[in-house]
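Q: Assemble the whole structure, with the sequences as input and the hints as a guide.
Quick note, the sequences are listed as chains F and Y, same order. Position 84 of the first sequence, counting from 1, maps to 84 under the numbering used here, and the rest follow consecutively. Position 151 of the second sequence, counting from 1, maps to 309 under the numbering used here, and the rest follow consecutively.
Just so you know, nobody snuck in bad clues.
Pair ranges (Cβ atoms, derived):
id, chain 1, residue 1, chain 2, residue 2, range
1, F, Leu17, Y, Lys314, 39 to 45 Å
2, Y, Asp215, F, Lys118, 20 to 26 Å
3, Y, Arg203, F, Ala157, 48 to 54 Å
4, Y, Ala399, F, Arg124, 30 to 36 Å
5, Y, Ala400, F, Gly102, 53 to 59 Å
6, Y, Glu386, F, Gln100, 50 to 56 Å
7, F, Phe9, Y, Gly200, 29 to 35 Å
8, Y, Pro445, F, Arg124, 22 to 28 Å
Hints listed in this document are in silico derivations from the structure and should not be mistaken for laboratory results. We put the beta carbon where it would ideally sit given N, CA and C, even for glycine.
For reference, the chains in residue letters:
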Amino acid sequence: MKKMTLNFFLNDEPVSLEIDENARLLDVIRDVAGLTGTKEGCGVGECGACTVVLEGESVDSCIVLAASVEGKHVMTVEGLSKSGQLDPIQQAVLDHHALQCGFCTPGFLMSAKALLDKNSNPTRDEIKMAIAGNLCRCTGYQQLVEAFEDAAKQYQAR
Amino acid sequence: MQKLSYLKPESLQQALEYLNQYNAKVKPYAGGTDLMVQLREGSSRLKDVEYLMDLQDIAELRGIEVKDDCISIGAMTSHTQVNESEVLRRYVPFLSVASSTVGSTQIRNKGTVGGNICNASPAADTLSPFVSLNARLTVVSVDGAREVMVKDAMEKAGKLKLAANEMVTRIVIDRLDGYETAFIKLGRRKALAISRMNAAVAVKLEGGVIADVRIAPGCVFATPDRVECAEALVKGKAPSAALFEEAGKAVSEEMIKRTGIRWSTEYKKPVVEALVQRALCRACGLPED
Numbered sequence: 001m002k003k004m005t006l007n008f009f010l011n012d013e014p015v016s017l018e019i020d021e022n023a024r025l026l027d028v029i030r031d032v033a034g035l036t037g038t039k040e041g042c043g044v045g046e047c048g049a050c051t052v053v054l055e056g057e058s059v060d061s062c063i064v065l066a067a068s069v070e071g072k073h074v075m076t077v078e079g080l081s082k083s084g085q086l087d088p089i090q091q092a093v094l095d096h097h098a099l100q101c102g103f104c105t106p107g108f109l110m111s112a113k114a115l116l117d118k119n120s121n122p123t124r125d126e127i128k129m130a131i132a133g134n135l136c137r138c139t140g141y142q143q144l145v146e147a148f149e150d151a152a153k154q155y156q157a158r
Numbered sequence: 159m160q161k162l163s164y165l166k167p168e169s170l171q172q173a174l175e176y177l178n179q180y181n182a183k184v185k186p187y188a189g190g191t192d193l194m195v196q197l198r199e200g201s202s203r204l205k206d207v208e209y210l211m212d213l214q215d216i217a218e219l220r221g222i223e224v225k226d227d228c229i230s231i232g233a234m235t236s237h238t239q240v241n242e243s244e245v246l247r248r249y250v251p252f253l254s255v256a257s258s259t260v261g262s263t264q265i266r267n268k269g270t271v272g273g274n275i276c277n278a279s280p281a282a283d284t285l286s287p288f289v290s291l292n293a294r295l296t297v298v299s300v301d302g303a304r305e306v307m308v309k310d311a312m313e314k315a316g317k318l319k320l321a322a323n324e325m326v327t328r329i330v331i332d333r334l335d336g337y338e339t340a341f342i343k344l345g346r347r348k349a350l351a352i353s354r355m356n357a358a359v360a361v362k363l364e365g366g367v368i369a370d371v372r373i374a375p376g377c378v379f380a381t382p383d384r385v386e387c388a389e390a391l392v393k394g395k396a397p398s399a400a401l402f403e404e405a406g407k408a409v410s411e412e413m414i415k416r417t418g419i420r421w422s423t424e425y426k427k428p429v430v431e432a433l434v435q436r437a438l439c440r441a442c443g444l445p446e447d
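A: Structure (structure tokens):
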């Protein structure tokens with residue numbers, strides 16, 4: 001299979017990776033870049049476990065062609081904390097006990113990140129819309145919505 | 159997964175040359191939200207495909223242009239961009255509403271209106287507003303450009319009537335100044351569900367009567383269409399729930415006439431009637447029950 005060199009920004013770091021031309025962004029993040037925080041759930045864009053932020057927008061990395069992100073900025077869950085300090089979204093999820101098994105959590109965090117970076121004062125409905133593409137099998141939605149409302153206050157104060 | 163090579167044309171001309179050279183071996187990649195799933199499934203639709211052609215750098219496929227009597231939407235415009243566009247919200251709000259019901263935030267950020275049409279699913283959420291807006295596709299190849307009405311564009315589910323060297327660059331719609339519009343969708347659940355059925359309507363009221371109307375039910379015909387007999391029924395009359403109930407019945411009769419009685423008809427008939435009636439009531443500001 002043909003290989004290509006892909007240059008993009010992964011969590012603000014420029015990276016240059018050898019990838020298969022038809023690789024999914026999810027596989028490049030996990031298997032080539034070695035960042036396994038991003039999870040594969042359904043593989044067809046239904047569950048949101050693989051959500052990353054691409055140029056400020058949440059996307060399902062399982063249905064993004066990796067080659068198409070040349071030159072772009074991709075943020076994964078590993079890019080949320082800065083110098084050992086959790087992002088307010090992560091801290092709020094901990095504070096609200098908003099996870100059980102945790103498999104869906106990275107996806108939810110990235111959907112919330114894309115939302116709060118655009119709109120730090122979302123309504124409850126806007127939060128629900130932002131995470132409508134993320135499934136949690138442990139049914140922790142209520143705590144997640146409350147956590148993101150809390151995190152929004154921290155984002156406003158920044 | 160199928161082994162494919164990646165092409166990224168920098169201009170429309172280069173894209174058209176790739177299409178002309180490779181024909182059915184090249185598949186345009188727009189948002190990828192359906193294509194990547196079909197690849198993963200090893201879909202037979204892609205069995206001859208050897209190249210994915212990424213359309214993101216082609217300027218002609220971008221942007222929303224408002225003209226005197228129409229609006230031109232670039233095929234690569236995402237559902238999020240359609241939903242957030244001020245001009246589309248002003249002139250054709252039901253298209254923005256339909257775009258906001260596609261998939262999820264992640265899907266709307268990547269999925270495009272051109273892809274939604276070219277994927278040729280009869281259940282695509284934006285088809286009924288597009289059909290009621292007399293949408294036409296600008297179809298281009300190295301040999302030139304032509305226009306194809308969206309309602310006439312589908313050969314069968316999953317396939318448009320395009321030559322192998324052609325691609326869609328823009329979708330041109332009527333500008334409906336002074337119309338009220340509504341889109342109502344029934345899905346299996348609120349998020350991440352394609353339409354089971356939907357209804358898109360546009361109504362122009364003048365002096366208390368319906369001067370013009372467009373009625374397009376979604377997912378009920380083999381290929382999308384307006385229902386002219388239902389439109390004729392309400393035109394020139396004052397809006398009322400009773401009149402719109404009749405319009406709903408005219409739509410369901412047309413559905414049965416075109417597709418026959420099926421196992422699902424018993425369910426679909428009352429649902430499409432209710433969707434059409436409610437959409438017309440919503441557009442005219444009447445109570446919906």
